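Here is how the chains run, residue by residue.
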Amino acid sequence: SQKIEQNSEALNIQEGKTATLTCNYTNYSPAYLQWYRQDPGRGPVFLLLIRENEKEKRKERLKVTFDTTLKQSLFHITASQPADSATYLCALDENRDDKIIFGKGTRLHILP
Amino acid sequence: GAVVSQHPSRVICKSGTSVKIECRSLDFQATTMFWYRQFPKKSLMLMATSNEGSKATYEQGVEKDKFLINHASLTLSTLTVTSAHPEDSSFYICSASQWGELFFGEGSRLTVL
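Residue numbers (the numbering used here), protein chains in the order written: chain A, 1 to 112; chain B, 1 to 113.
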């Protein structure tokens with residue numbers, strides 16, 4: 001079955017630098033891949049969706065890439081700020097249907 | 001964006017009691033809602049897909065009689081944890097889909113004593 005790996009459980013980045021988070025999947029390429037932000041004790045908040053035919057998508061300081069050859073998505077936050085500190089979850093459709101599965105997330109700490 | 005509201009945000013109950021969690025889509029109609037469970041530092045695990053007017057579809061390993069789901073209207077789905085036990089203590093989150101995006105409720109922290 002499809003598996004998602006977010007290889008860093010936690011990541012510390014200095015304020016102002018670019019934070020890069022990685023999401024790898026193991027089997028077939030999903031129709032789309034999503035990134036969410038989750039703050040402690042709260043539900044996830046949708047950030048970006050990238051489709052299999054898109055290589056890159058941007059939204060303000062966020063950038064997501066999708067490489068179906070490497071079976072990988074990278075999530076970048078440029079000019080990072082302490083307020084960006086949160087857990088970021090990668091999610092994709094498990095069987096190219098509406099069922100979404102999530103990675104374990106990466107806890108990002110932006111150090112002032 | 002669309003708003004999904006979940007209630008209660010926190011609930012503490014005694015073993016053996018039942019607890020109901022509500023999930024509402026406030027500004028859109030959701031024919032399908034999803035219920036997840038999340039343990040500390042773990043990923044969200046899909047428990048079931050709730051379909052308005054029909055039975056929920058449960059994921060493998062999720063007890064249907066334990067976690068009762070009712071989706072009586074296009075804006076409300078409920079999850080009832082029956083005969084709760086301490087191992088049911090967890091963070092439960094619902095979501096609804098609109099325009100290809102999933103919108104999540106705030107989550108409900110259940111503690112069973």
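If you are wondering where the hints come from, they were derived from the structure by calculation, not from laboratory data. Just so we're clear, the structure is a prediction, and the values are computed from it rather than from any experiment. Keep in mind that a hint or two might mislead.
With a cut-off of at most 35 Å between alpha-carbon atoms, the simulated DSBU-like pairs for lysine-lysine come out as follows [claimed, not checked]:
1) K42/B <-> K71/A
2) K71/A <-> K41/B
3) K104/A <-> K41/B
4) K17/A <-> K55/B
5) K20/B <-> K104/A
6) K14/B <-> K104/A
7) K42/B <-> K57/A
8) K63/A <-> K20/B
9) K104/A <-> K66/B
10) K17/A <-> K59/A
11) K66/B <-> K63/A
12) K66/B <-> K17/A
13) K14/B <-> K57/A
14) K42/B <-> K104/A
15) K99/A <-> K66/B
16) K3/A <-> K42/B
17) K66/B <-> K57/A
18) K55/B <-> K3/A
19) K99/A <-> K64/B
20) K59/A <-> K55/B
21) K64/B <-> K17/A
22) K42/B <-> K55/A
23) K20/B <-> K57/A
24) K14/B <-> K17/A
Consistency of the hints with the structure:
1. K42/B <-> K71/A: It holds: about 22 Å lies between the C-alpha atoms, which stays within 35 Å.
2. K71/A <-> K41/B: The hint holds at about 24 Å.
3. K104/A <-> K41/B: holds, 7 Å
4. K17/A <-> K55/B: Given that 35 Å is the threshold and the Cα spacing comes to 49 Å, the pair is violated.
5. K20/B <-> K104/A: Distance of about 27 Å is within 35 Å: holds.
6. K14/B <-> K104/A: holds, 30 Å
7. K42/B <-> K57/A: Within the cut-off at roughly 27 Å; holds.
8. K63/A <-> K20/B: violated, 39 Å
9. K104/A <-> K66/B: holds, 25 Å
10. K17/A <-> K59/A: holds, 17 Å
11. K66/B <-> K63/A: violated, 41 Å
12. K66/B <-> K17/A: violated, 47 Å
13. K14/B <-> K57/A: violated, 48 Å
14. K42/B <-> K104/A: holds, 5 Å
15. K99/A <-> K66/B: holds, 22 Å
16. K3/A <-> K42/B: Distance ~14 Å between K3/A and K42/B Cα, so the pair holds.
17. K66/B <-> K57/A: violated, 41 Å
18. K55/B <-> K3/A: Within the cut-off at roughly 28 Å; holds.
19. K99/A <-> K64/B: holds, 18 Å
20. K59/A <-> K55/B: Since the Cα atoms of K59/A and K55/B sit roughly 38 Å apart, the hinted pair is violated (cutoff 35 Å).
21. K64/B <-> K17/A: violated, 47 Å
22. K42/B <-> K55/A: Given pair K42/B, K55/A holds - Cα atoms ~28 Å apart, limit 35 Å.
23. K20/B <-> K57/A: Violated, at roughly 40 Å.
24. K14/B <-> K17/A: At roughly 48 Å apart (the allowed maximum being 35 Å), K17/A and K14/B break the hint.
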